[in-house]
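Peer 1: Chains as they are written, first to last, in our numbering: chain F, 1 to 115; chain P, 1 to 115; chain Y, 1 to 115; chain A, 1 to 115; chain Z, 1 to 115; chain H, 1 to 115; chain D, 1 to 115; chain E, 1 to 115; chain V, 1 to 115; chain R, 1 to 115.
To be clear, the hints were calculated from the coordinates, so they are not data collected in a lab. Here the structure is a predicted model, which is why all the values come from computation and not from measurement. Hints may be right or wrong, so weigh each one.
Some, not all, of what chain V presents toward chain E, calculated at C-beta under 10 Å [stated by the list, open to error]:
#1 Val31
#2 Lys34
#3 Ile44
#4 Glu74
#5 Leu81
#6 Gly103
#7 Ser107
#8 Ala111
Computed far set for chain R versus chain V, every beta-carbon distance over 12 Å [stated by the list, open to error]:
#9 Asn2
#10 Glu11
#11 Asn12
#12 Pro15
#13 Glu16
#14 Arg17
#15 Glu27
#16 Val31
#17 Lys34
#18 Lys51
#19 Leu52
#20 Glu74
#21 Val85
#22 Thr86
#23 Glu112
#24 Lys114
Dumping the calculated SDA-like pairs for lysine to any residue here, alpha-carbon to alpha-carbon at most 20 Å [unchecked claim]:
#25 H:Lys3 x R:Gly103
#26 F:Lys60 x H:Gln37
#27 D:Lys34 x E:Phe92
#28 Z:Lys79 x Z:Arg17
No residue lacks a Cβ here, since even glycine has one placed at the ideal position from N, Cα and C.
For reference, the chains in residue letters:
There are 10 protein chains.
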Amino acid sequence: MNKIDILETFENQYPERNYKIIHTAPEFTSVCPKTGQPDFATIILEYIPDKLCIELKSLKLYYNSFRNDGIFYENVTNKILEDLVTVCKPRFMKIVANFNVRGGISSEIIAEYKK
Amino acid sequence: MNKIDILETFENQYPERNYKIIHTAPEFTSVCPKTGQPDFATIILEYIPDKLCIELKSLKLYYNSFRNDGIFYENVTNKILEDLVTVCKPRFMKIVANFNVRGGISSEIIAEYKK
Amino acid sequence: MNKIDILETFENQYPERNYKIIHTAPEFTSVCPKTGQPDFATIILEYIPDKLCIELKSLKLYYNSFRNDGIFYENVTNKILEDLVTVCKPRFMKIVANFNVRGGISSEIIAEYKK
Amino acid sequence: MNKIDILETFENQYPERNYKIIHTAPEFTSVCPKTGQPDFATIILEYIPDKLCIELKSLKLYYNSFRNDGIFYENVTNKILEDLVTVCKPRFMKIVANFNVRGGISSEIIAEYKK
Amino acid sequence: MNKIDILETFENQYPERNYKIIHTAPEFTSVCPKTGQPDFATIILEYIPDKLCIELKSLKLYYNSFRNDGIFYENVTNKILEDLVTVCKPRFMKIVANFNVRGGISSEIIAEYKK
Amino acid sequence: MNKIDILETFENQYPERNYKIIHTAPEFTSVCPKTGQPDFATIILEYIPDKLCIELKSLKLYYNSFRNDGIFYENVTNKILEDLVTVCKPRFMKIVANFNVRGGISSEIIAEYKK
Amino acid sequence: MNKIDILETFENQYPERNYKIIHTAPEFTSVCPKTGQPDFATIILEYIPDKLCIELKSLKLYYNSFRNDGIFYENVTNKILEDLVTVCKPRFMKIVANFNVRGGISSEIIAEYKK
Amino acid sequence: MNKIDILETFENQYPERNYKIIHTAPEFTSVCPKTGQPDFATIILEYIPDKLCIELKSLKLYYNSFRNDGIFYENVTNKILEDLVTVCKPRFMKIVANFNVRGGISSEIIAEYKK
Amino acid sequence: MNKIDILETFENQYPERNYKIIHTAPEFTSVCPKTGQPDFATIILEYIPDKLCIELKSLKLYYNSFRNDGIFYENVTNKILEDLVTVCKPRFMKIVANFNVRGGISSEIIAEYKK
Amino acid sequence: MNKIDILETFENQYPERNYKIIHTAPEFTSVCPKTGQPDFATIILEYIPDKLCIELKSLKLYYNSFRNDGIFYENVTNKILEDLVTVCKPRFMKIVANFNVRGGISSEIIAEYKK
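Extracted from the complex, chain F is given alone in its bound form:
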């Protein structure tokens, strides 16, 4: 199954107003493509919906689908942004990914989309 097909949406009941939705997921994990060791991150999704909102349980399953994928920090952050923009077509969206310490260094990647 294509990863993006996991995501579900529902109709925004208040499209006349620009309001913000923030979902914070501290249990994201994927695998480092170089070492094969697991990576851990908190993913913060912030967006202003247009006609569609992202369904919360499908978001969790979408995040879980990265569990055994080998993917770099910068790429996972941008891919999540692109998938979510494709599916829910928001007015604004931002992804903040905070990765745990590796080699004594923690990392944060921040990517935004504006309609």
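Go by the hints and put chains P, Y, A, Z, H, D, E, V and R onto chain F.
Peer 2: Just chains P, Y, A, Z, H, D, E, V and R, lined up with the frame of chain F:
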């Protein structure tokens, strides 16, 4: 009784000044319409009064009235904003609703009204 | 004795510069006019002095003078602002009053004055 | 349905060892029998299992069953202890209930059972 | 009215068990008998009830009755212990009083009673 | 490969002294056998070595080997204890496993071994 | 004037009870006898009074009297203990002195007296 | 010796870039000119150097030179700003002075200089 | 080997978007050129990549290469900025270096580059 | 020069009393003998002196002497304990070494000596 009729106001004694009032309620609870399980949130109400201020005890009772209602995060936030704007006709109002972790994800909804 | 007469000032030694003074008083208490029960707040006073600065000990005594007064959150905040502006004629002044939880809700009132 | 019937158990796989299980539930809510207003608490359950462990989802549903019950702090704490002891017959059990501020006072009740 | 007469009790429903009750009151205030200036403290009451429990609202009113009394730290702590022991005859009781900074020094007084 | 074979040890250089070693691993993840959803925990290993110490990198790989296993909280804690005792034969060992919130409840399991 | 003569006492009103008094002073400063540079510490005084209690304002002045004294960490802690024991003859006394970082190392000295 | 003569500077190696230097000194102490009692503050110095940087050890000695001076909060903050501007001629400089609680009130003074 | 040659880059997969990368390294250490004593800092690197991203392991090795270098706070911050700009040619880059307390004063240096 | 020769002592002025001295050093660094990468730890030294106290500056230099040594966690902790016991012959001594996260795991080693 209609939910909005619980809310009471009193006259703003300082209408010539734009000042801000913030009420933070960490004990909000409603019910998830999908699972029937309780949801818990902190509701932060911030507004600049015009002629009327919201009476604090009636605000508590209004929040309590959601206790057994089945309602989604996005909708409860926007409904509270609309009810409070209807009743106190402020110059500015913002609702921030911080919902507890569900499925490993916490959520925040932020909606604003400007006269 | 009139409450405002408690306040004393001293001459600003650096009137040519716009600098900021912040006094934070976490021990403010007054009485709720509806229930007769005590209220507790932290009062943050922030101002840019013009010719006069507020003397710190007199400020403490002025705050203490509210100890047995019955007065609402919104009114006490605006009254403190007006008394202090009258006495020290600042270029800018802001009062932030953080009231403790009552009925499960904490409250903050923020009022500003600009010359 | 009797409240105690909600609770389910499963067989302890390691009965030869005295080990400790702690479940912390920060979303407990009941109703004050005097005022009819909601109370909120964190319930910490700590026990050493004998032959049976408490099933986590049934524990959540058991806690949720108090949502609209009118019951005092001291009684709810002791009742939870007695119900859980009846159902899982542990070697040791402790209930700590931390109730939110009411009238400027927060309360904690701690009750223990030893075989 | 005698200060001790403000305190009310109710019957302990679980006298066969030694369980602990802790009430934390961060809004205690009295007056320094030397300077006439207000003192502020958090009073932590911890006890094991015998036949009687202390009613929470009457405890709040009892604490409030010290608001304009001039009394030293050591004395207020021991007096509260003695009044509460007299009224509820507990198996064990402890009072911890944390007083705010005065002259750059904060103070804590701890007194216990055992039957 | 058998999970226990991942673990490596090295010779304790100071066997004449009872000293304590604590390894805290906040990135443990396994899978709930009922729901198939991932669980997350911090595993704290505390032990007094006898002749052997546990090699740190092999411990990490051992923990990682649970990544896609379906196993209950109580069982994973006791299994880790038994595997580590088998491999390093310590004088004392304790496992504390703190699991993230599920259904509004967080859980901690504590198991000990003494020679 | 002799440093010890600064200290004043008052009569303990509750000598029949062993209760504890703790005074925490985060603004202690003296001078390093080797470098001439200022040292800073928090001094925690804990004691069980017998017939006498230490007067709080005199304690502050006593601490202030070290301001320009050159004295080592270990000595200042033991000297304060000895002076206070001499003056108030307590049943028990403990001094904890937490010194700020010097050369990347912070220090704590703990000394006790028992009658 | 004149207080300002204690301060030393060194040549800025990167004058072509506007970069910021912040030195935070939590161990500042002077004396209250009214009461003769010591005051304690954290002094935060923030500046953009032009041709000169302030030498760190001389800054510490300069701060130490206020140890036995009687000087008001507002004046010490502005004096430090003027002395440091005189000596290092920065493009921008800000002094934030956070004074400890006195009479239940803490104070912060913030003064800025722009070329 | 030249310090800058340690740094490696990889191709930015999303050059059409301005996104931010932040690497926080709390284990930086160098040596004070005046005293020969070690300095400790947290280095925060924040940048918007153009065609190249900085490889994380090489960044760690680059930081480690300062371990036994004698270099001043201001210079190490600016040198790191210049080396990283040279190697990865970003659209924007900022270095924040937080140095531990020395002589009672902590220091922060902030330098930026814009294309 | 032998590492132990760096350590200096001075005579304990209060040998008749069992008092405790704690020195906390958050800037310890050594090198991993397997990977050659730097390790970082906080070393807490706690002891009851007999006739000798450890001189603080020499302790710092002793810790610094490990900067480029390759040595395992368990060994460095026990070696520091043995060197310090040899030099100052205390009545009691404890070393707690908290090592930073490596491979997602932080480690603490605790070793004690009793006369």
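Peer 1: A separate judgement is required for each hint: does it hold in the structure or not?
Peer 2: Going down the list of hints, with the structure as the test:
no.	hint	verdict
1	Val31	15 Å, violated
2	Lys34	8 Å, holds
3	Ile44	13 Å, violated
4	Glu74	6 Å, holds
5	Leu81	8 Å, holds
6	Gly103	5 Å, holds
7	Ser107	5 Å, holds
8	Ala111	4 Å, holds
9	Asn2	20 Å, holds
10	Glu11	27 Å, holds
11	Asn12	27 Å, holds
12	Pro15	32 Å, holds
13	Glu16	34 Å, holds
14	Arg17	30 Å, holds
15	Glu27	5 Å, violated
16	Val31	9 Å, violated
17	Lys34	16 Å, holds
18	Lys51	30 Å, holds
19	Leu52	25 Å, holds
20	Glu74	21 Å, holds
21	Val85	25 Å, holds
22	Thr86	25 Å, holds
23	Glu112	28 Å, holds
24	Lys114	33 Å, holds
25	H:Lys3 x R:Gly103	19 Å, holds
26	F:Lys60 x H:Gln37	10 Å, holds
27	D:Lys34 x E:Phe92	37 Å, violated
28	Z:Lys79 x Z:Arg17	28 Å, violated
Consistency with the previously given hints fails for numbers 1, 3, 15, 16, 27, 28, ordered from lowest to highest.
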